[in-house]
Structures are given as structure tokens and as C-alpha cells.
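Novice: Okay, here's what each chain looks like letter by letter:
2 protein chains.
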Amino acid sequence: MPRKLDAGAPGFEKDFDTFLNSKREMEEDVDQAVAAILKDVRERGDEAVVEYTNRFDRVSFTTDDILLPKARIAEEAAKCDPATVAALQVAAKRIASYHERMLPESFEYTDEIGVRLGSRWSAVGAAGLYVPGGTAAYPSSVLMNALPAKVAGVKRLVMVVPTPDGVINPLVMAAAQLVGVDEVYRIGGAQAVGALAYGTQSITQVDKIVGPGNAFVAAAKRRVFGTVGIDMIAGPSEILVVADAENDPDWIAVDLLSQAEHDTSAQSILITDDAGFADAVEAAVIRRLETLPRKDIAAASWAQHGAVILVPSLDHAVPLVDRVAPEHLELAVADPDTLAGKISNAGAIFLGRYTPEAIGDYIAGPNHVLPTSRSARFSSGLGVLDFMKRTSLVACDAASLAEIGGSAVALAEAEGLQAHARSIDIRLNRAS
Amino acid sequence: MPRKLDAGAPGFEKDFDTFLNSKREMEEDVDQAVAAILKDVRERGDEAVVEYTNRFDRVSFTTDDILLPKARIAEEAAKCDPATVAALQVAAKRIASYHERMLPESFEYTDEIGVRLGSRWSAVGAAGLYVPGGTAAYPSSVLMNALPAKVAGVKRLVMVVPTPDGVINPLVMAAAQLVGVDEVYRIGGAQAVGALAYGTQSITQVDKIVGPGNAFVAAAKRRVFGTVGIDMIAGPSEILVVADAENDPDWIAVDLLSQAEHDTSAQSILITDDAGFADAVEAAVIRRLETLPRKDIAAASWAQHGAVILVPSLDHAVPLVDRVAPEHLELAVADPDTLAGKISNAGAIFLGRYTPEAIGDYIAGPNHVLPTSRSARFSSGLGVLDFMKRTSLVACDAASLAEIGGSAVALAEAEGLQAHARSIDIRLNRAS
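Residue numbers (the working numbering), protein chains in the order written: chain C, 2 to 433; chain R, 2 to 433.
Bear in mind the hints are in silico, worked out from the structure with no lab data behind them.
Keep in mind the model is a prediction, meaning the values are calculated, not measured.
Be aware that one or more of the hints could be misleading.
Any copy, or any two copies together, can satisfy a pair, since identical chains are not distinguished.
[Unchecked claim] Derived DSSO-like pairs: lysine-lysine, alpha-carbon spacing no greater than 30 Å straight-line:
1) K15 <-> K156
2) K296 <-> K24
3) K80 <-> K151
4) K343 <-> K151
5) K343 <-> K24
6) K156 <-> K343
7) K15 <-> K40
8) K156 <-> K24
9) K24 <-> K71
10) K5 <-> K24
11) K151 <-> K296
Between the sequences and the hints, there should be enough to build the whole structure, so can you do that?
Specialist: Spelled out as C-alpha cells, the structure:
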């Protein structure tokens with residue numbers, strides 16, 4: 002049974018707080034194991050990477066087997082259902098098109114006293130994309146992680162993907178080929194993250210590592226952060242649906258289940274202003290669950306983490322949504338734009354009755370890598386900026402330095418940094 | 002003696018690599034102590050914060066003493082030298098003006114099949130600014146950390162600053178007043194970071210924590226990351242100066258020392274195409290050192306981490322600069338713009354002979370919080386974007402959903418996520 006909360010009931014504030022702070026993630030203690038693997042990869046390079054790969058993926062590779070040749074990638078990709086590949090192509094085109102609008106603008110100007118100032122964006126040199134193996138190998142994730150890098154202008158895009166028991170996922174290869182990955186290595190886990198971060202004899206170090214992974218991968222990314230950049234460490238997926246009574250309860254039930262089926266730790270929340278509608282959705286969830294292949298996962302998620310929150314009016318949903326700061330927010334209401342305008346914290350907002358969240362997972366255009374666990378309060382979905390960095394530019398001439406130099410000297414001296422002050426003085430021919 | 006490298010000499014590649022990978026940071030093992038403090042603050046709130054503050058700062062506060070009243074801030078600020086306050090005002094105006102140009106643009110459009118798509122930037126709700134106490138309390142850092150938040154539109158800006166032995170730094174108060182900090186708490190260390198991240202009875206939780214601090218503060222920020230956003234964890238400061246023989250060796254020497262005086266772990270590097278000039282700068286550094294109050298610090302930094310690299314021509318400096326990815330890059334050459342155009346990795350570039358790095362520390366306009374330790378390969382200086390987050394928007398109607406829904410269903414089914422597929426199907430009146 003999902004949690005039931007009524008914003009009009011006494012004690013709601015306390016219950017909502019408890020709900021907000023309930024943990025969904027299982028913390029696996031893998032950090033020590035990961036530290037040892039990373040150290041080993043750093044010291045022994047390829048040799049260590051191959052040993053761990055052979056052990057964890059039950060294969061018997063040599064160093065030469067790690068890089069997947071382009072021909073092999075093409076061969077695997079050719080095994081895919083053409084209709085699915087066509088769908089991938091539609092998705093790739095739409096995702097690229099949306100992300101192109103996110104390219105930031107560099108600027109340069111000369112201010113009123115003659116100081117030239119600028120801000121220049123440039124792409125990171127090389128990006129590494131982690132793709133999980135086995136059942137969690139999602140071709141849509143390849144598109145969502147690789148395309149922003151491509152749009153940003155990253156010159157070298159490297160993919161690592163484990164192939165447990167030697168099995169290659171053809172759709173992942175099709176996606177890699179489609180987006181133009183430059184190198185694909187059939188390795189995974191902490192050893193793959195280490196290889197990308199430190200470099201080995203055969204794999205050149207990258208500057209940034211992105212992509213989802215299990216607890217080992219997440220711990221490895223945390224540890225190599227600083228040596229390379231990383232994307233966020235994603236928690237379990239979430240959806241919050243705000244729906245009025247005019248919706249078909251069945252539609253909303255399926256939307257809630259589309260998150261719940263990801264993972265038993267996933268979370269689906271319904272906020273509605275109609276108690277009867279809430280009951281109807283709950284009943285529909287029970288019926289729909291029976292039809293799902295991933296019924297057990299979805300049922301566990303709904304029972305353990307699901308919630309139905311009744312509010313006196315839809316406007317009362319706004320502060321609750323901001324506090325949850327959901328990864329995905331569906332506004333299945335008559336005037337979704339007005340409601341969306343009042344909300345600050347959400348990774349992505351799906352507007353209206355004909356925009357199920359799943360359309361954003363695959364094909365709408367915006368990224369599906371989004372902030373989880375309330376982090377939409379301070380962070381954003383993956384985008385082009387994650388593969389770029391900014392350099393500031395300053396140019397003074399003798400006259401403009403003379404104009405502002407005195408203030409800088411005053412501050413440097415107030416902070417007790419004499420060489421700072423002298424580096425300006427000396428150019429102004431003052432006491433040096 | 003600084004390290005001497007000659008890019009034309011055999012073995013340079015190996016020596017440069019060793020130089021790049023030499024560690025400058027002392028890693029203090031404070032993580033366990035910090036974990037205990039954070040846990041305590043989380044559980045006991047104000048009571049714990051006050052206890053740690055009294056112990057570490059040698060004061061005897063009660064909970065009521067922590068918040069500095071506006072009147073007290075004004076009183077302290079009034080003690081400052083008016084000339085220094087005027088310099089702070091000049092700096093604040095220039096920093097705000099530069100940062101206003103960094104405000105990102107939201108967008109919304111309807112694509113060719115009728116899907117409405119958007120990207121909306123908004124400010125984080127509340128930001129916490131850590132300001133170190135004692136000698137490291139730099140008013141310039143208050144401006145550089147607070148103004149991007151203000152420009153971003155952050156509604157609530159909270160400052161924490163320890164006051165060891167009860168001593169308040171008037172210039173820090175003047176800076177806080179100038180930028181319009183909303184709340185100032187006289188607490189520091191891991192306990193202050195914990196209070197901002199988790200909230201206490203008297204301090205409301207923030208969404209993002211920025212600002213420099215010692216090893217305890219850095220460890221605490223790493224640990225609370227996820228609960229709140231944090232800025233980068235800054236390493237020791239660096240400057241790389243590319244200079245030709247037309248410079249006054251004395252000017253370049255002082256520039257190198259202006260980083261070296263920060264910290265014994267700071268690093269100053271000169272790259273030049275003239276061996277005689279290199280020698281002249283080295284000699285000037287020795288002479289200039291004698292004149293500095295912070296001579297011992299600067300001398301240790303230069304001897305342990307300094308480097309002079311000789312290149313056959315200035316163009317040979319480009320790949321070396323990109324590999325160092327310096328926090329500060331000074332191009333004291335005849336045509337700095339052309340050289341800057343070839344460089345990808347640098348936090349900030351100072352162009353020409355009249356732009357000493359120190360002008361950027363205080364007054365030029367760009368931020369002085371910049372990526373260190375080679376992280377300019379993948380990250381940027383502090384800016385307005387650090388206090389904003391992006392929400393993506395998608396709106397389909399029945400017709401546009403019908404247009405792209407089929408591809409999404411194909412991908413959802415290929416990934417084995419049936420509820421995802423059904424959430425689209427059901428709206429298309431297909432098999433549901």
C-alpha cells in the first residue's frame with residue numbers, strides 16, 4: 002500500500018517531512034573494494050584491467066581483445082530489428098536538435114574604461130561514457146549521454162561497456178555507431194572507470210566520465226572525481242504526477258507504474274485535489290500491475306515508496322512539489338503552463354494530459370539523465386554544458402590598469418598580500 | 002631552486018610528465034572527525050553547533066549569540082578604512098557587471114510536428130557562503146562568492162564565518178553588508194557546513210554551499226554533497242606565465258611571486274622561449290623575495306613547486322599549457338590574443354604585458370574562484386550558473402504524441418519496459 006497523506010489533515014507537515022526524508026537507496030559498502038581496484042589499475046594499467054574483466058565478466062580476454070573494432074560494432078549493429086534502429090534514429094535526431102539550442106554563447110567586450118573582458122566556452126577534449134552491461138544496457142542511455150558531448154564539440158568520445166560472458170548487446174552497438182563513438186572498449190565496473198580516469202597503455206585518459214552504473218561504478222566515479230570530471234551520481238528514479246479529476250485514472254495509473262517498474266527503489270507520487278479520483282487511480286494501479294511483466298518490481302516500489310497526497314486545491318501542490326523537487330513532474334491538469342510557472346524545483350516537467358513521462362525517456366528531445374533525490378533544488382539534467390568549460394579573459398593596457406589598479410592595490414594590501422599589490426604597482430611606475 | 006625543464010632536450014617528455022603528476026596537496030586525514038561532527042549536528046542541531054564553536058573558536062556562545070544582528074554588522078563595517086571600503090565598492094560593481102552577462106537564456110519553441118519544448122533556468126532557493134576566519138578571511142572572496150548568487154537571483158544568501166577568540170573581521174562584515182547577505186552566523190568548520198546542509202532549530206537548510214575553507218571544511222563539503230550542492234573543492238593556487246624576452250624580468254618575477262606568496266603549496270611556472278630571459282627572471286625572483294613580508298612562504302613555494310620551462314618557440318608552449326590546464330594563465334607576449342586562441346584549458350587568461358594576474362583577483366570583473374590542479378580540463382570558474390538550475394519542458398497534444406509515440410513505444414519495448422510503452426499506447430488508443 003502506498004503512503005496516504007492529506008494536506009488538509011492535522012499532522013500533515015510532520016508526516017510530509019518524514020516522507021521527504023525517508024531513504025530509498027540501499028547503500029552497498031563497496032568503497033574499499035573499489036579503492037583497491039582503482040589503485041591496481043593505476044599501477045598496472047592494461048594488465049589489471051584485463052584481469053578484473055576476465056574475473057568479473059567470466060571471459061578470457063587478452064589486452065588485444067578489449068577494443069571493439071569498428072567492423073565488429075557494425076556487424077553487431079546489423080543484427081538489430083530495423084524498426085528499432087529507425088526509432089533510435091528518430092530519437093537521435095530529436096535529441097541532437099534540442100541540445101543544439103543549449104549551446105552557450107561566449108562573449109567579449111570592452112568596458113567604459115578600456116578593459117577588455119571575455120568569457121569563452123570550449124568543449125572538453127575527451128569524454129568517457131559508461132554503459133552498463135546485461136539487462137541494464139539501455140540504448141536510449143547511449144544516445145542521452147553521447148549526444149550532448151557530440152553537440153558540445155567533444156573531439157574524442159570513448160565508450161566502455163562490459164560484456165558479461167562475452168555477450169554483446171547489438172542495440173547498444175547500433176546506438177554507439179549512430180552517435181559516432183570513437184572508441185568502444187568491452188570493459189566495465191570500477192576497472193573501466195579507472196582506465197578512463199588514469200589512462201592505461203592502450204586507453205588514453207579522458208577528461209570527463211558520464212553515464213549510469215551499479216554501486217561499484219558509482220563509488221569509482223566518486224573516487225576519481227577531481228582527476229577527471231564526472232556527471233551526477235544518480236539515485237533511484239522518481240515521478241510526481243499532479244492530476245485533477247478530469248483525467249482517466251487508468252492513464253495516470255500507468256504513468257505512475259512506468260517509474261515503479263524501473264526498480265524497487267523507484268518512487269511514484271500522485272498529488273490530486275479529488276479524493277475519489279485518488280481512489281480510482283489506486284484501484285487502477287492494482288489492476289494494471291497484473292498485466293506487467295515487471296509486476297514484482299513495480300508492486301514493491303509502489304507499496305514501499307509510492308504515495309498519494311490529497312490537497313485542498315491544485316495550488317496547494319506547488320510548495321509540496323518544490324520540496325520534493327522531483328526528477329520527473331507530470332502536470333495532468335487543465336492549465337499546465339500556469340501551474341508550471343509557479344514551480345521552481347523539477348528536473349523535467351511534462352505538460353498536459355497527452356505528455357506521459359515516457360515520451361521524455363526516449364524521444365521528446367530533452368535529456369533523460371535528470372537530478373534525483375531532491376537534487377533538482379540545486380542541479381540540472383545532463384546537457385551540453387556538462388561537456389564544456391569556460392575560460393575568462395582579461396586584458397588591460399597601461400591606461401586602464403592605471404584606472405583600476407589603485408583599488409586592487411588597496412584590497413591586496415588590506416589582505417596582506419604584498420606581491421599581489423607590487424605586481425600592479427610596478428606596472429604603474431609607483432613605489433616598487 | 003625551481004625545477005628547470007627544456008622542451009628541446011632529450012627526456013623532456015618524461016620529465017614534464019613527472020612534473021605534471023607531482024602532488025602539491027597535503028592530505029590531512031580529517032574525514033573521520035568530520036563525519037562525527039556532521040552526524041552530531043544532524044542529530045542535535047544548534048546545541049551541537051554551539052558546543053563545537055565554543056570548543057574550536059575558544060568562545061562561550063549560547064544559541065542566541067550565533068546570528069550576528071544587522072546593527073552589529075554595520076557597527077563592525079564602520080570600523081573599516083573608508084578607502085578600502087571604496088575599493089570594495091569599485092570591485093563589487095565591476096564583478097556584478099561582468100557576471101550579469103553570464104545570465105543564461107531560457108527558451109521555448111514548438112517543433113515541426115507540434116511538440117512544445119523548452120528549457121527554463123531558475124535560481125536556487127538559498128545559498129550558503131563559507132568564509133574562513135582568522136588571516137584567511139578575505140573580503141574579496143566574499144564578493145566573488147556572493148555576487149554570482151545575487152546576480153543569479155538567489156533569494157536567501159546565508160554567510161557563516163568563524164570568529165576565533167570572538168574576533169570579528171570588519172572588512173568581511175563590510176563586504177557582507179555591501180553584497181546584501183541576508184543572514185550572518187559566526188560559526189565555522191565542519192559544524193557550520195553541517196548546519197547549512199541539514200538545517201538546525203535556528204538555521205534553515207540551504208540548497209547550495211560555496212566558499213573556501215580548510216581541510217575540515219573541504220571534507221565536510223564532500224560529505225554533504227548530494228544533500229546540498231557544493232562548488233568545487235579548490236586545491237592550492239597556480240599561475241603559469243608565458244613570457245617572451247621583451248618583458249621586464251622584474252615584472253614577471255613579481256607575478257610569479259604573487260601566487261607563491263599564497264601558500265607553500267602554491268605553484269608558479271614560467272614558460273619562455275629565451276634562456277637569457279629565464280635566467281634574468283630567476284635572478285629577479287631571488288631579489289624580490291627579500292622585499293616580501295611573506296618571503297618564507299613564497300620562497301618555499303618557488304623552491305618546491307616552481308618551474309621554468311624553456312621552449313624553442315612560443316607556439317611550443319600551447320600543448321604544454323593545455324596539459325597543465327592552469328588556474329591562471331598570463332600571456333605576456335606581443336600578440337596575446339592569437340596565442341590565447343590556440344589554448345583550450347585554462348581557468349582565466351590574462352592578456353598582454355599590462356594585465357598582472359592580481360588585477361583579476363580583485364577588480365577586473367571575472368571570478369577569482371577558478372579550477373585548480375588540472376581541473377580546467379573539465380571545469381570552470383565560479384559563476385552565475387553555479388547558483389541556477391535548469392528544468393526541461395515538454396508538451397505534446399494528441400496529434401504530436403501520435404507522430405512520435407510509435408518510436409518511443411518501439412524503444413521502450415526493446416528495453417523491456419512495458420509500462421513505459423503502455424503509458425504512450427493508452428493515449429493513442431492502441432492495445433492497452
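Novice: In ascending order, which of the hints set out earlier in this document are inconsistent with the structure?
Specialist: Of the numbered hints, 9 and 11 do not hold.
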